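Engineer: Note that the protein sequences, when read in sequence, are chains A and B. Number 57 in this note's numbering belongs to position 57 of the first sequence; there are no gaps in the numbering. Number 487 in this note's numbering belongs to position 487 of the second sequence; there are no gaps in the numbering.
No wet-lab data here; the hints were simulated from the structure. Keep in mind the model is a prediction, meaning the values are calculated, not measured. Fair warning: there could be bad hints in the mix.
Derived DSS-like pairs: lysine-lysine, alpha-carbon spacing no greater than 25 Å straight-line [what the hints assert, rightly or not]:
no.	chain 1	residue 1	chain 2	residue 2
1	A	85	B	154
2	B	135	B	89
3	A	240	A	224
4	B	382	B	458
5	B	154	B	388
6	A	219	A	263
7	B	89	B	143
8	B	89	B	120
9	A	41	B	338
10	B	113	B	155
11	B	124	B	92
12	B	309	A	85
13	A	36	A	210
14	A	187	A	85
15	B	135	B	150
16	B	493	B	393
17	B	195	A	263
18	A	11	B	89
19	A	143	A	183
20	A	85	B	155
21	A	85	B	382
22	A	263	B	124
23	A	244	A	187
24	A	257	B	197
25	B	388	B	458
26	B	365	B	155
27	A	85	A	256
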Amino acid sequence: MTTPNLSTTIKPTWCPGCYNFQIFAAFKNHIEKEIKRGKRKDDFAMVTGIGCHAKIYDYVNLNGINSLHGRGLPTALGMKVGNPKLNIFGFAGDGDAYCEGIEHLIHAARYNVDMTFIVHNNQVFALTVGQPTAVTEIGFADKTTPRGVANPPLNPIELMISLRASFVARVFADVKQIEDVLKEASKHRGFKFIEIIQPCIIFHPDVNYKKHTYFLKDKKHNPKNLDSAIKRAREFDYNKLAPKTRIPLGVFYVEKKATFEEKIK
Amino acid sequence: MKYNILFGGQAGQGPNILTSMLAEALIERGFYVFYSRDYQSLIRGGHNFNVLTFSDKPVMSNESSYDLIVALDKNTELLHGKKLKENGKILKGDYSNMYFAGSIFKIFNFEFKILEKKLKKLEKKFEENVKDARKGYGDEELKINLPEIKENDKKFYNGNQGIANGAVNSGLEVYYAYPMTPATPILDQLAMVEKIKTIELENEIAVINAGIGSSIVGAKTMIGTSGGGFDLMTEALSLTGIAEIPLVIYLSQRPGPATGVATYTGQGDLNLARHSGHGEFSRIVVAPGDAKESSEAANQCFYFSQKFKIPAILLGDKHIAESFYCSEGEPILIKSAKSTSLRRFNSYETDAQGCATEDAEQIRKNVLARLEKRKIIIEESKKFERIKIYGNKSSQNILLFWGSTKGAVLDSINGLDVCALQVIWIEPFAEEVENLIKGKNIILIENNSTAQLAGLVKEKTGITIEDKNKILRFDGRPFLSDELKEEIGRRIK
Chain A
1 MTTPNLSTTI KPTWCPGCYN FQIFAAFKNH IEKEIKRGKR KDDFAMVTGI GCHAKIYDYV
61 NLNGINSLHG RGLPTALGMK VGNPKLNIFG FAGDGDAYCE GIEHLIHAAR YNVDMTFIVH
121 NNQVFALTVG QPTAVTEIGF ADKTTPRGVA NPPLNPIELM ISLRASFVAR VFADVKQIED
181 VLKEASKHRG FKFIEIIQPC IIFHPDVNYK KHTYFLKDKK HNPKNLDSAI KRAREFDYNK
241 LAPKTRIPLG VFYVEKKATF EEKIK
Chain B
1 MKYNILFGGQ AGQGPNILTS MLAEALIERG FYVFYSRDYQ SLIRGGHNFN VLTFSDKPVM
61 SNESSYDLIV ALDKNTELLH GKKLKENGKI LKGDYSNMYF AGSIFKIFNF EFKILEKKLK
121 KLEKKFEENV KDARKGYGDE ELKINLPEIK ENDKKFYNGN QGIANGAVNS GLEVYYAYPM
181 TPATPILDQL AMVEKIKTIE LENEIAVINA GIGSSIVGAK TMIGTSGGGF DLMTEALSLT
241 GIAEIPLVIY LSQRPGPATG VATYTGQGDL NLARHSGHGE FSRIVVAPGD AKESSEAANQ
301 CFYFSQKFKI PAILLGDKHI AESFYCSEGE PILIKSAKST SLRRFNSYET DAQGCATEDA
361 EQIRKNVLAR LEKRKIIIEE SKKFERIKIY GNKSSQNILL FWGSTKGAVL DSINGLDVCA
421 LQVIWIEPFA EEVENLIKGK NIILIENNST AQLAGLVKEK TGITIEDKNK ILRFDGRPFL
481 SDELKEEIGR RIK
């Protein structure tokens with residue numbers, strides 16, 4: 001069987017060395033493997049928001065929509081309502097998911113549309129050249145906020161678990177980690193929330209995250225345990241890393257429940 | 001003959017059931033009935049009333065004074081008593097609404113068993129209701145003899161039901177909404193239809209974006225809201241423009257700005273419907289004038305949105321949405337073939353692969369393609385009844401109106417030397433209007449304060465309507481035919 005061409009003719013315009021390339025490669029690998037396992041290209045659809053993350057839409061030749069800033073989730077919901085067989089991958093930046101469209105994220109956890117939602121979290125508005133978002137650490141300064149960010153960041157993982165989203169995971173922007181979590185997620189029916197810590201090499205560089213991260217599966221974390229999931233989520237509050245800060249990675253929480261498509265008549 | 005009856009009381013006292021029972025019974029006897037609803041933004045208490053007007057000839061508006069007032073509470077008499085006609089009667093007293101049902105059925109000489117049948121249909125508190133109704137029927141002494149009417153065939157429904165019916169018969173599959181008066185009842189209507197998915201989401205932004213999602217995978221989709229909710233939708237409206245996505249949007253007007261007057265009527269959003277959304281893109285805007293036209297407008301919106309992959313705005317208002325009209329004959333509905341299936345859509349300008357582009361030549365090409373489409377839409381729209389003309393076609397006096405003012409306008413022109421011109425299609429505008437009104441004494445009737453239709457006419461034809469010839473009502477209430485007739489009479493040449 002020949003693998004269908006998932007490439008477009010567009011040359012990526014992410015900065016050289018951008019972690020988005022890791023996400024791009026992992027996603028393409030994942031879809032290619034799915035197709036090798038018997039899925040058809042048209043079984044998949046992409047939905048993106050607006051920002052650096054959304055450029056992935058131009059580089060992967062799948063159907064879908066490069067939607068509006070913050071509005072990818074309701075768009076994906078509508079697509080799933082119209083065609084429940086579609087396997088939808090939503091992509092968003094932290095600006096999309098946690099600022100402009102946070103209401104949709106909260107409700108998405110309630111609705112439980114069967115889809116995968118991937119947040120490229122670089123803790124900054126990158127494409128608009130470096131303003132703080134809802135998950136930027138206190139003290140972060142840029143031209144718009146010269147005295148530094150004063151408001152505490154959201155903790156999206158804790159938020160999603162508290163809403164009992166049916167699949168909550170976080171990985172670092174590394175091809176293998178992303179592929180692994182996509183594979184894990186593909187076995188789960190429901191709303192799959194995956195946050196990728198994706199440093200912006202220009203406006204929010206890598207502060208040696210990998211030194212602080214550990215894998216939940218190595219600590220025998222049980223993702224069905226809500227209390228334990230919340231506790232793990234609270235270990236990292238998205239503020240500046242202290243020497244002892246630990247950032248758990250992997251699947252925090254899993255709960256099986258009816259999907260949106262099943263619940264509507 | 002024409003009778004004007006007011007049913008008033010507190011929310012929860014049941015003036016609506018009374019009104020609809022009488023309306024039904026009168027229609028069964030062949031009369032033409034129209035009723036409107038005036039209600040406040042509250043759940044229990046306050047003051048609500050319905051005005052029912054019936055005649056042996058077609059009627060689609062109310063008048064300002066009453067032959068009968070059914071007062072379910074004391075407030076009704078206080079508020080409306082002075083509008084009772086000289087020989088009119090107030091039915092009042094500390095009775096249930098069904099007591100008054102008995103009285104009024106007696107007055108119009110209905111056999112009691114007709115009322116009894118209607119009470120049975122309510123499927124609740126039957127014994128108690130019949131007892132009260134029988135007492136009211138027995139106590140009542142007034143008798144009004146109505147003429148015998150030849151049997152005729154007509155349906156009785158409101159604008160919202162008309163829209164729902166038109167949408168269902170155009171192949172609607174999914175309807176999204178966030179509750180907002182006066183568009184909400186469509187949700188109730190459609191929720192009863194088995195094959196249609198009706199979905200309430202977290203806000204109007206989610207509603208339109210979900211609508212876009214369903215539409216791009218090929219489902220025929222409609223969304224509904226009023227002005228405030230529509231404002232929230234406009235960024236995504238613009239997306240339907242660039243990405244060529246079919247979507248039917250029901251914009252049911254109420255007085256603004258902002259929350260304005262939540263449960264009353266107005267025509268202040270004509271310009272909003274025309275101009276909303278950033279950037280330049282095509283749309284159609286259709287504004288029906290009664291319940292039957294509401295079905296047709298919904299159908300035309302599906303046809304055009306599918307055929308040309310554009311947003312289609314169905315511009316209604318509270319008065320048309322919630323008033324009940326007698327409709328004769330079936331609405332004219334045409335088939336609308338589906339046009340869209342999932343491909344690569346984009347909110348950016350795109351190249352042939354559906355990828356974002358910043359290439360000047362490509363952008364120019366895309367814009368020109370959209371402009372070209374606009375011309376075809378205009379041509380296609382000419383096949384539809386974008387305007388309607390009533391009255392004396394050669395009259396010097398032209399009444400210009402749109403939307404729900406139709407009822408009061410048509411009920412007021414009898415005996416006047418006027419030609420009434422209804423603009424149904426706001427966009428694309430019917431260019432023949434220019435020749436029809438040029439050099440005439442143009443009298444404009446609108447339910448807003450800035451004469452937005454006059455602005456549209458000026459833009460399209462260069463013709464100015466004199467301020468003194470603008471009859472504008474902007475207190476949240478619909479026009480009443482007797483008052484309007486006087487206003488028109490003063491401006492006729």
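Engineer: Sort out which numbered hints this structure fails and list those numbers smallest first.
Structural biologist: 1, 3, 6, 8, 13, 15, 18, 19, 20, 21, 22, 23, 26
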